[in-house]
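Colleague: For this one, chain A is given, so just place chain B on it according to the hints.
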Amino acid sequence: MGVYWAIAVRSFRRFSTYRIATVSGAFTNTVFGFILCGIYLTLWHERPGLGGYDVSDALTFVWLQQGLLMPVGIWGATTTGELGERVRSGEIAVDLYRPTHLLLWWLSVDLGRAAFQLLVRGGAPLLVGALVFDLKFPSTPLAWLAVAAGVFLAILVSFGIRYLVALSGFWITDTRGTEQLALVLSTFFSGMVLPLVVFPGWIGEFARATPWAATMQVPIDIWLGRNPGGTGSALMFQLGWIVVLLLAAQLMTSVATRKVVIQGG
Amino acid sequence: MVERVLRAPSQYWMLILMWIRSSMAYPTSFVLMLVSSMVLTVMDFVAIALMFSHISSFGGFSLAEMALLYATASMTLGIADLFTGSIERVGERIRTGTFDAYLIRPVPAFLQTAADGFALRRIGRPLQALIVLVLALRRLDVDWTVARGIMLAVSLVAGSVIFGAIFVLGAAFQFVSLDSAELANSFTYGGQTLTQYPLAVFGKEIVRAVTFVVPIAFVNYYPVLFVLGKPAPLGLPSWIGLLSPLVAAVMIALASLAWRAGLRRYRSTGS
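Chains as they are written, first to last, in numbering that gives the first Met the number 0: chain A, 0 to 264; chain B, 0 to 270.
The following block holds chain A by itself, in its conformation from the complex (with noise of 0.2 angstroms):
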């Protein structure tokens, strides 16, 4: 357990050495949201109470959803694009001979940089929206324990997402034609596009019920108070998919492993 702690806390000081990148993030972030609102306060002004929205949620529903994009992971992290590059290269066979796990190993490097990535992508961009624009925080002790578990939930099943697209690189050469597919699906069901209560009829509830729906939207919703079931469904549906992607990526893991065939020497 140790050394997967141990793991987490260098991959948190990695992304911590990144300053001028994480700043010019957190401002692009910043100005994506203004953008955003600028939209949105033009759609709920023609249809009040679009998707069960008011115009304060709508408004805090942007800035959730700049500050959880890169924490979440949602346009591809670490996992997506340095393990996929590893099982492309082949250098993926240095970490299967690691006494360690291969998927506790990348979890361990992928919750190290969504920690800090929460702390400054997440809070900054949010921090100018609740400075500007009057938007809704959670009010109770309870309603942040939900919220904090939500958004942790929403981590694991993008990385479980994020993980099978880097290992599908052993059955095809090159993975970045999945990487992209993979963000084409991400980006359009997470509720990157437009909150997901907003898509009508059946293609709204084909988008809240994927695995994608739990990485943006259900958080963002579980922070409104917004979820249709309740803030206890909400957790067991991301509980759910994170059960699913991860009994997926374990038995890829174990099948993948006896198909490596390391060369030379």
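The hints are simulated quantities; they were obtained by calculation from the structure and are not laboratory data.
Pair ranges (Cβ atoms, derived):
{"id": "1", "chain 1": "A", "residue 1": "V131", "chain 2": "B", "residue 2": "L102", "range": "39 to 49 angstroms"}
{"id": "2", "chain 1": "B", "residue 1": "L233", "chain 2": "A", "residue 2": "D53", "range": "26 to 36 angstroms"}
{"id": "3", "chain 1": "A", "residue 1": "P47", "chain 2": "B", "residue 2": "V212", "range": "28 to 38 angstroms"}
{"id": "4", "chain 1": "B", "residue 1": "D99", "chain 2": "A", "residue 2": "A142", "range": "50 to 60 angstroms"}
{"id": "5", "chain 1": "A", "residue 1": "S138", "chain 2": "B", "residue 2": "V133", "range": "45 to 55 angstroms"}
{"id": "6", "chain 1": "A", "residue 1": "F151", "chain 2": "B", "residue 2": "A152", "range": "48 to 58 angstroms"}
{"id": "7", "chain 1": "B", "residue 1": "A146", "chain 2": "A", "residue 2": "W170", "range": "49 to 59 angstroms"}
{"id": "8", "chain 1": "A", "residue 1": "W170", "chain 2": "B", "residue 2": "L134", "range": "36 to 46 angstroms"}
{"id": "9", "chain 1": "A", "residue 1": "D53", "chain 2": "B", "residue 2": "S176", "range": "36 to 46 angstroms"}
{"id": "10", "chain 1": "A", "residue 1": "T139", "chain 2": "B", "residue 2": "A100", "range": "57 to 67 angstroms"}
{"id": "11", "chain 1": "A", "residue 1": "L130", "chain 2": "B", "residue 2": "I19", "range": "42 to 52 angstroms"}
{"id": "12", "chain 1": "B", "residue 1": "H53", "chain 2": "A", "residue 2": "A129", "range": "20 to 30 angstroms"}
{"id": "13", "chain 1": "B", "residue 1": "G59", "chain 2": "A", "residue 2": "L130", "range": "28 to 38 angstroms"}
{"id": "14", "chain 1": "B", "residue 1": "R138", "chain 2": "A", "residue 2": "I202", "range": "16 to 26 angstroms"}
Keep in mind the model is a prediction, meaning the values are calculated, not measured. Beta carbons: idealized from backbone N, C-alpha and C, even for Gly.
Modeller: Quick look at chain B alone, frame taken from chain A:
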């Protein structure tokens, strides 16, 4: 000097051909990336279409008019990204020391950096924008004049140049501040997100900023207003869109000055 400028297109072409060949080494992956890059950019438009399932006009624009704004924003950014987008990798090259190689080769460093890892799959964005543009033009009820047709065509070129110049400015800034690649995204991708909506909905300050500070309103907003015969905001004249080629020329001058200043400032990592 003149000879260098004349040689540049063929040198650039040679460089991108090299990168295209390398991307074709994995044809399945290339096709997947091209298709998903088209689908990915379609998402922006799907968002607008989904909005219009709830509303009939957005900031005074109908769906077809929004489609025209979207198509011109997406196409100009797409073309700029295709030809100059890779330049944002310059910070990484400086950090790792591989930028030095560009300075000793007999091709301008600018061309090599702009063509660095040229990704043909990025053609997906302008392609899907073209489809939306055709659909929008068929649905629109515009009283076409020669001036309006020329304005639309010219603005696509001028808009691409403006976005291209912003890419170069962002890259030039990386000579001062490494690792700031993402900063430019707020002006390029942020600019595209902004310009696919009627800018007036964002308020007067934003309209002033994108007119006089970072002039992305000239990419497509003012030209489209001219084409649609809508009045310009802030009491600006309705023909202000005609200035977009002039704005593009100024942006090229600025970008070129910034890039040269950056190059002069460059000191190798020397490891």
